[in-house]
Amino acid sequence: MTVTASASEARPPLQRWLAIWGLALAAVLVLFLLQDSLSWAVNYPAGAIVPVADWVSALMGWIKSNLSWLTRSITAVLGVPLDFALNLLAKNFKIGHGADAFVLPRLSWVGVCAAAFLAGYAAGGRRLGMLVGGCFLYIALFGQWTSAMLTLALISIAVPFCILTGLFLGIWAWRKPWAERLIVSPALDLMQTIPTFAYLIPMLLLFGNSPVSAMIATAIFATPPMVRATMLGLSRVPSEIDDFSEMAGCTARQKLWRVLLPSARPTLMVGVNQVIMLALNMVIIASMIGAGGLGYDVLLALRALKVGEAMEAGLAIVALAIALDRLSQAIAHKQAKGNVHRSTSPGLWRRYPNLTLAIAILAVTTLLGLFVPSFAAVPKAITFTTAPLWKAAVNWVTINFFDIIEAFRVALILNVLNPLRAFCEGFPWLGAVFLLGLAGYQLSGLRLAALVAALTAFCAITGLWEKTMATVYLCGISAFIACLIGIPIGLMAARSDRFEKIVTPVIDTLQVLPSFCFIIPVVMLFRVGDVTAMIATVAFAVVPAIRYTNHGVRQVPPALIEAAKVSGCTPRQTFFRVQLPLALPEIMLGVNQTILMALAMIIICAMVGTRDLGQEVFIALSKADSGRGIVAGLAIAFIGIVADRLFNAWTAKARARLG
Amino acid sequence: MTEAIEQASHATGKDPRPIKLACRNVWKLFGADAANFIRERDGKASTADIAAAGLVGAVRAVDLEILEGEIFIIMGLSGSGKSTLVRCMSRLVEPSHGKVEFEGKDLLKISDAALIELRRHRMGMVFQNFALLPHLNVLDNIAFPLSIQGQDRSTREARAREVIELVSLGGREHFYPRELSGGQQQRVGIARSLATKPEIWFLDEPFSALDPLIRREMQDELMRLQTMLHKTIVFITHDFDEAIRLADRIAIMKDGEVIQIGTPEELVVNPATDYVAEFTRDVDRAKVISARSLMRACDSAEHGGTVAPEAKISSFSASIVAAGKPFAVVNGTGKPIGEVTPQAVIDLLAGIERPGT
Numbered sequence: 000m001t002v003t004a005s006a007s008e009a010r011p012p013l014q015r016w017l018a019i020w021g022l023a024l025a026a027v028l029v030l031f032l033l034q035d036s037l038s039w040a041v042n043y044p045a046g047a048i049v050p051v052a053d054w055v056s057a058l059m060g061w062i063k064s065n066l067s068w069l070t071r072s073i074t075a076v077l078g079v080p081l082d083f084a085l086n087l088l089a090k091n092f093k094i095g096h097g098a099d100a101f102v103l104p105r106l107s108w109v110g111v112c113a114a115a116f117l118a119g120y121a122a123g124g125r126r127l128g129m130l131v132g133g134c135f136l137y138i139a140l141f142g143q144w145t146s147a148m149l150t151l152a153l154i155s156i157a158v159p160f161c162i163l164t165g166l167f168l169g170i171w172a173w174r175k176p177w178a179e180r181l182i183v184s185p186a187l188d189l190m191q192t193i194p195t196f197a198y199l200i201p202m203l204l205l206f207g208n209s210p211v212s213a214m215i216a217t218a219i220f221a222t223p224p225m226v227r228a229t230m231l232g233l234s235r236v237p238s239e240i241d242d243f244s245e246m247a248g249c250t251a252r253q254k255l256w257r258v259l260l261p262s263a264r265p266t267l268m269v270g271v272n273q274v275i276m277l278a279l280n281m282v283i284i285a286s287m288i289g290a291g292g293l294g295y296d297v298l299l300a301l302r303a304l305k306v307g308e309a310m311e312a313g314l315a316i317v318a319l320a321i322a323l324d325r326l327s328q329a330i331a332h333k334q335a336k337g338n339v340h341r342s343t344s345p346g347l348w349r350r351y352p353n354l355t356l357a358i359a360i361l362a363v364t365t366l367l368g369l370f371v372p373s374f375a376a377v378p379k380a381i382t383f384t385t386a387p388l389w390k391a392a393v394n395w396v397t398i399n400f401f402d403i404i405e406a407f408r409v410a411l412i413l414n415v416l417n418p419l420r421a422f423c424e425g426f427p428w429l430g431a432v433f434l435l436g437l438a439g440y441q442l443s444g445l446r447l448a449a450l451v452a453a454l455t456a457f458c459a460i461t462g463l464w465e466k467t468m469a470t471v472y473l474c475g476i477s478a479f480i481a482c483l484i485g486i487p488i489g490l491m492a493a494r495s496d497r498f499e500k501i502v503t504p505v506i507d508t509l510q511v512l513p514s515f516c517f518i519i520p521v522v523m524l525f526r527v528g529d530v531t532a533m534i535a536t537v538a539f540a541v542v543p544a545i546r547y548t549n550h551g552v553r554q555v556p557p558a559l560i561e562a563a564k565v566s567g568c569t570p571r572q573t574f575f576r577v578q579l580p581l582a583l584p585e586i587m588l589g590v591n592q593t594i595l596m597a598l599a600m601i602i603i604c605a606m607v608g609t610r611d612l613g614q615e616v617f618i619a620l621s622k623a624d625s626g627r628g629i630v631a632g633l634a635i636a637f638i639g640i641v642a643d644r645l646f647n648a649w650t651a652k653a654r655a656r657l658g
Numbered sequence: 000m001t002e003a004i005e006q007a008s009h010a011t012g013k014d015p016r017p018i019k020l021a022c023r024n025v026w027k028l029f030g031a032d033a034a035n036f037i038r039e040r041d042g043k044a045s046t047a048d049i050a051a052a053g054l055v056g057a058v059r060a061v062d063l064e065i066l067e068g069e070i071f072i073i074m075g076l077s078g079s080g081k082s083t084l085v086r087c088m089s090r091l092v093e094p095s096h097g098k099v100e101f102e103g104k105d106l107l108k109i110s111d112a113a114l115i116e117l118r119r120h121r122m123g124m125v126f127q128n129f130a131l132l133p134h135l136n137v138l139d140n141i142a143f144p145l146s147i148q149g150q151d152r153s154t155r156e157a158r159a160r161e162v163i164e165l166v167s168l169g170g171r172e173h174f175y176p177r178e179l180s181g182g183q184q185q186r187v188g189i190a191r192s193l194a195t196k197p198e199i200w201f202l203d204e205p206f207s208a209l210d211p212l213i214r215r216e217m218q219d220e221l222m223r224l225q226t227m228l229h230k231t232i233v234f235i236t237h238d239f240d241e242a243i244r245l246a247d248r249i250a251i252m253k254d255g256e257v258i259q260i261g262t263p264e265e266l267v268v269n270p271a272t273d274y275v276a277e278f279t280r281d282v283d284r285a286k287v288i289s290a291r292s293l294m295r296a297c298d299s300a301e302h303g304g305t306v307a308p309e310a311k312i313s314s315f316s317a318s319i320v321a322a323g324k325p326f327a328v329v330n331g332t333g334k335p336i337g338e339v340t341p342q343a344v345i346d347l348l349a350g351i352e353r354p355g356t
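Sequences listed follow chains A and B, in order.
Read left to right, the first sequence gives residues 0 to 658 (numbering that gives the first Met the number 0).
Read left to right, the second sequence gives residues 0 to 356 (numbering that gives the first Met the number 0).
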């Protein structure tokens, strides 16, 4: 009696929420059915649109006309090191003008490849040396050298800039909690959720179509992980080390620079690795505003639908990405392991044999390049191109499998994508605001409800509702499919070590590839349109679903699994009744990441002809319409923030329940 | 509380050594506006008051005096406030109320610059988890406090090599902390804190992270160093056996308060509260109690031998039982001041309480 009484006492909250959700859904359905009489609640009335875009345009116009002295001087100052790097790696130094100009050559490609090998060798042994050197050699032999070096030059200037800015911002935020709470954290959130495209527009407007504006956009995009790594690293320094520095009598400055930052070095190096990878990703995208390099090659080829050329440049990006990632990770790993003692402290030459050797080789080969042309530029005779090969492959596939691919494509569009799209675009905006607000209230309370509702409403009142929902639809279905593929793979990887060994290098590689690269092969097969966008997005976004699921299941404490076994669970029962429920919060975190990555990718897929917010930004970019682009970019960021906050609240709740 | 103070002043009364460091009604409360709370109450507050104000009392009304050259142990279980107290003494934690006097000068009133000077030259600290800098090798770790002071490389490395020899780490100068065992790491920690020749030496549970055998070895090492260096030592521990082994005097803490201060023998013979008695119960009394505590007035004509008043019972228990006759307790001039009977020693060893002994 008492048992049933207490059980039914415990139930009402859930039942009440069920009832509330039932009522809410019914209300939205009524709204949907009554859309003729209540059309303002379904389609946001055009007359009431708040012209935020115009205001932003006006503001940007004002900045442009009144602060041009500032933007010009920034361009001039940043242009100096950038030009130097570009000349050094890609363009040659020209001293003087016209025909009698004296030309100092760029670094020889032979030397750069050798230096890359030595860097890999120093950081991670012979195998890493072969890998990194091999990647550079690949780029040279496939005729992408100059473009790749342009890209590398931009990165090599942007990255130190990001690291320094990130370090100082991180220190500031760590020292002043109010600054972290009020300024740095919200800014970082926004910087990372605003799509990469949207950065480009104000940069284009303020700094023009030049490598400098590409570099600034890159710096803004790639700095956040460094700020976060600095804050995390500093707060993770053991309090005893902090106490020690006080007791040793360090001044505040000595404490920071000689104790805390060196102690945080492993975490900082992880941040540096992320900065490099994000910078590469962004430099590729920033080719749209004049960065040049590999990204520009891909862009040109894609625009002309030259899939072979696009594929080649894309593969060069992959090679560069893998080389940079493995190299910086090896260095970070070395830092984390700590130094190993040496009994003597030899001279500079003996202490850094690889560095001195690399410099010597670079100098010698570059000097040789003055006399032997094949050292200065990759000789045509030894390069080869695979573009015709790719083209032939695509042609072959198109000829032989056209019917199957086309049938698949059409079936997908007609039966899945179009109905979903219609449903989403017709979804009443008031209903969405209401339902999301309700979800926020249930998961966390009034504050989250207000935030979620306000951000959703922003998308409607700026007149972007239909485009927003088009984005949500494409992002949602892509993320859904990515999870459908990724979670089972993650589960399998968690259950079998052998399978994990196969999966890990694949997802590691997928993760370092710039988003551009995913589009190219899909475009080859499915041409432009929503299907291509969807498939590329799934491939891009599947990584976190796999990774987090695998990690979540594997991090269930062994003691619990032993307890389950001792209680007589079969492996199946152990998996479904112990491991899976305990891993659920982690898996949900993976789903959250998948959604955010899908959102970022969907926007870039505007290049292959979607009709959503990404397209809006893309059009704004080509017209240099800053207001339109920034507002659409904000709407995209807000979709991401809404999804992120709701999922995080849900995960936090689930975590709290599991204790 | 008052009892503790009396015992402390009693100890100072008969001890000619000057006071090196003293805490006078030191409080550390955590929570909003804690300093005002305790100031308004003139440095007095009950547990109930503190709880009612929503504060947490980490250190409450602590009075103690540490004499030059003694090993003063602060002993308490985790959460008793001992770590906070020692951080109040070095101002790593700013006390909410009270005075911390270093050679009679109030540490809480000196400027930041003076504090840095003081820490650089006169204080040293050893930490539970060693707190070595991971990016520096042994030599640079030990020389670090000197380099902070701006000493040039050759001077500071010469000094670092001296202390490396002192803690028997010769040959490991170029190893990095993660390449050393726990015991070796703590030797580096000790060497680093000694490099600046501090006068007062704080050891915050220095051996708690080590295996029992290594811990014992390190305790012996500490005793060896102390016989050479004669530092004033403030040693934190949660291990009563360790406290008894090393201490000149012990302060026992519970819930932020010092319950009793005394020599190991005083704590064992006269525990102030049941809580203290609980700690002392499993102690090997023969190693703590001296002949002075066990002696009675001389009434035997015949003695089997003589002992000093400070001699621990364990040092002569075997011979007195074998002799079967009382031993005379004689002071420095050889004059008998009492006697210890074999029966009293047997009772003590067997743990028998007999009225009137």
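If you are wondering where the hints come from, they were derived from the structure by calculation, not from laboratory data.
A few of these clues could be false.
Said to hold, decoys possible - DSS-like mimics (lysine-lysine), calculated; alpha carbons at most 25 Å apart, straight line:
no.	chain 1	residue 1	chain 2	residue 2
1	A	LYS93	A	LYS175
2	A	LYS254	B	LYS324
3	A	LYS254	A	LYS379
4	B	LYS324	B	LYS311
5	A	LYS254	B	LYS311
6	A	LYS390	A	LYS379
Restraint status (C-alpha distance of LYS324 of chain B to LYS311 of chain B at most 25 Å): Cα-Cα ~18 Å, so holds.
Do the alpha carbons of LYS390 of chain A and LYS379 of chain A lie within 25 Å of each other, as the hint requires? holds (21 Å)
Given the hinted pair LYS254 of chain A and LYS311 of chain B, is their alpha-carbon gap at most 25 Å? With Cα atoms ~48 Å apart, LYS254 of chain A and LYS311 of chain B exceed 25 Å; violated.
Pair hint outcome, LYS254 of chain A versus LYS324 of chain B [Cα-Cα no greater than 25 Å]: violated (65 Å)
Could you grab the alpha-carbon distance between LYS93 of chain A and LYS175 of chain A and see if it respects the 25 Å cut-off? Measuring from Cα to Cα gives roughly 48 Å; hence the hint is violated.
Given the hinted pair LYS254 of chain A and LYS379 of chain A, is their Cα-Cα distance within 25 Å? Not satisfied, since the Cα-Cα distance of roughly 56 Å exceeds 25 Å.
Taken one by one, the earlier hints fail for this structure at numbers 1, 2, 3, 5, listed in ascending order.
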